[in-house]
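A.B. asks: Listed in order, the protein sequences are those of chains P and C.
To convert, take the position in the first sequence, counting from 1, and add 21; that gives our numbering.
To convert, take the position in the second sequence, counting from 1, and add 1393; that gives our numbering.
Rather than coming from a laboratory, the hints here were simulated on the basis of the structure.
We put the CB at the ideal spot given by N, CA and C, even for glycine.
Honestly, I wouldn't trust all of these hints.
Counterexamples of contact, computed for chain P against chain C with all Cβ distances above 12 Å [unchecked claim]:
1. 41
2. 91
3. 265
Interface residues of chain P toward chain C, partial, derived using beta-carbon atoms under 7 Å [stated by the list, open to error]:
4. 198
5. 202
6. 210
Selected chain P positions facing chain C (in silico; Cβ < 10 Å) [claimed, not checked]:
7. 84
8. 103
9. 108
10. 119
11. 120
12. 154
13. 161
14. 285
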Amino acid sequence: MTEPTLYETLAAVLAKEFLNGEVGFTGLLTGKAAAMFGTAIPIVAMELARRTHAPDLTLLLAGCYHNPDFSQLEAMPDSEHDAVLRDLSTEAQTYDYPGQWALKRGDISFGFSSAVQVDAVGNINSVCIGSYDKPKVRLVGPILQPEHMTLFRREYIMMPHHDRRNFVEKVDFISGVGFPGGEAGRKSLGLAWGGPALVLTPKCVFDFDRVAGRIRVRSIHEGVGHDELRDATGFDLGDLSGVPTTPRPSDDELTIIRREIDPRRILFSPT
Amino acid sequence: MPSPSSKLQSLEEAAARVPDGTRLAFGGFAVYQKPMGFVRELVRQGRKNLTVVGSAQSYDVDLLAAGGCLSCVETSYVGLEKHGLARHYRRAVERGEIKVVDYPEMVSWDRFRASQEGLAFWPVPFLGGSDIVRYNPAIKPFACPMTGHPMHAVPAADVDVVVIHALAADERGNVVFPARRLLPQSNDVLMGRSCDTVIVTVEKLVSNAFIRKHSRLVELPSYKVNSVVELPYGAHPTPALGAYHADEKHYGEYVAASESAEATAAYLKKFVHLDGGNDAYLEAVGAAQLARLKDMDSLL
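With the rest of the complex left out, here is chain P:
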């Protein structure tokens, strides 16, 4: 078995988080790195969970396509509502809002967000850099982030780049709410459930101290040093001495990913 890639490692980390019977929602992100982190890794992770411990997991691709048959895929889709996805075999297609999934009742167990900034309490931002009224950079807008971070039962934040400008003490605009004031803080804001569970990056996996409402390093990827991680992060990481290395996928997991889920290397296509 050849060495696991970063993407395979992250997919295996994620797969272990999903429970049987859950509903997982991916957006369809575009652009090479964002599509890998926001769409391809989540798809492989959910397919791996379905083939190991969670056969009843529902994969909701692009928020519309229920359990699509990826074996029919000829290329990674790069558009939500055009023919590639429309014609893919699925169990149900969402064609209306409100559709099959009752968003506000909490039907979605977990989703995946990407953002330009994430901060020390897990807030995310895809609206602007700089001031709101006269931004240095105007970004795309909140999109579905507010819903992902409150109405979904939990959220995995998928960051394709790990740099000081992405990991900041405080985001310039809160488009998705993390754990300000911890779980008690969320409750006082009227948020009954949800929030970020993990943040996955090319360097590490973060989780949250949900009482203190503070991000912390759960594991560091093989080959990434503590100084490198601190240099690339704009908030204090605390004591890293006891932090384990991100676990490698097992040979069985790698076999499933390579032979069953992505045999033609469409999802994890070589760059």
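Please arrange chain C on chain P, whose structure you already have, making use of the hints.
C.D. replies: Below, chain C alone, put in the same frame as chain P:
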């Protein structure tokens, strides 16, 4: 018995329903089935101070930004998906020329649901802690009268005019939607039911007999529609479900042009500031290119 009246108008006449300062919504969603022919006409006529309200925007808002037609945008997303940020829009916002009012995606749909139901607001239970509330005085906090739970009242979309691009309609304004719809078409139906002035551009004008044969698919009946404009390829370069795919070649040309003022001016001259209306636009794109875009959809 007198004949039912015709809602058929020229593109020029229909665009006159959208004067300077109009608060309007475009159907479609993000980069899908936007009424681009109508948008080009607004740019060509030099409209000013428009407010666009929607759920997700792309080439529609970006082209209006290129034409200097916008003062405000209320939506959840403005971008070109795989082609990145919408450059004209981004620059205009950074210069302070366009005010942006950000709304979450599903809340943006719910604002039109409020208008459809004749409500002034839609109750939203999940905006606590979000800067969306902090920067928007039109969103009001309140306590749920049943449970006391903290909520926010988000204003209804409340637009003056809705413009959608659909597959077909008859002259009276009965609009048919394909049986196999996707979310962008659902947005069109919702928007079309949420407003008193609805303009529909269509790929094909059909007979009333055709409409009667497909009455189950008439989601917007004639009394909901004020103007019908026959506008083949009226969503181009965005796709129209069951008619044509996105024009990736044109997207590339558009995006390249949006990198500089000179290239933008050349693009607008070639594709927008045309005498001869939609026909001239289709000539500029070229018959061979349009023919390649045909969408087979389904054989069933």
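A.B. asks: Hint by hint, say whether it matches the structure.
C.D. replies: These are the hints, each one checked on the structure:
1. In this structure residue 41 (chain P) is separated from chain C by more than 12 Å, as the shortest Cβ-Cβ distance comes to about 27 Å.
2. With a minimum CB-CB distance of about 20 Å to chain C, residue 91 (chain P) clears the 12 Å threshold, and the non-interface call stands.
3. At roughly 32 Å, the least C-beta separation between residue 265 (chain P) and chain C is larger than 12 Å, which holds for a residue marked as non-interface.
4. Because the beta carbon of residue 198 (chain P) sits about 4 Å from the nearest beta carbon in chain C, less than 7 Å, this interface hint is met.
5. Here the hint on residue 202 (chain P) is broken, as its CB sits about 9 Å from the closest CB of chain C, past 7 Å.
6. Nearest Cβ of chain C to the Cβ of residue 210 (chain P): about 3 Å, under the 7 Å cut. The hint holds.
7. Here the hint on residue 84 (chain P) is kept, as its CB sits about 8 Å from the closest CB of chain C, short of 10 Å.
8. Here the hint on residue 103 (chain P) is kept, as its CB sits about 6 Å from the closest CB of chain C, short of 10 Å.
9. About 8 Å separates the beta-carbon of residue 108 (chain P) from the nearest beta-carbon of chain C, less than 10 Å, and the hint is met.
10. For residue 119 (chain P), the shortest C-beta to C-beta distance to chain C is roughly 9 Å, which falls under 10 Å, so the interface hint holds.
11. Checking residue 120 (chain P) against chain C by beta carbon gives a least distance of about 8 Å; that is within 10 Å, so the hint holds.
12. The beta carbon of residue 154 (chain P) comes within 7 Å of a beta carbon in chain C, closer than 10 Å, and the hint placing it at the interface holds.
13. Among the interface hints, the one on residue 161 (chain P) holds; its C-beta lies about 4 Å from the nearest C-beta in chain C, closer than the 10 Å criterion.
14. Violation of the interface hint for residue 285 (chain P) is found here, the shortest Cβ-Cβ separation to chain C being roughly 21 Å, above the 10 Å cut-off.
Going through the hint list in order, the structure does not satisfy hints 5, 14.
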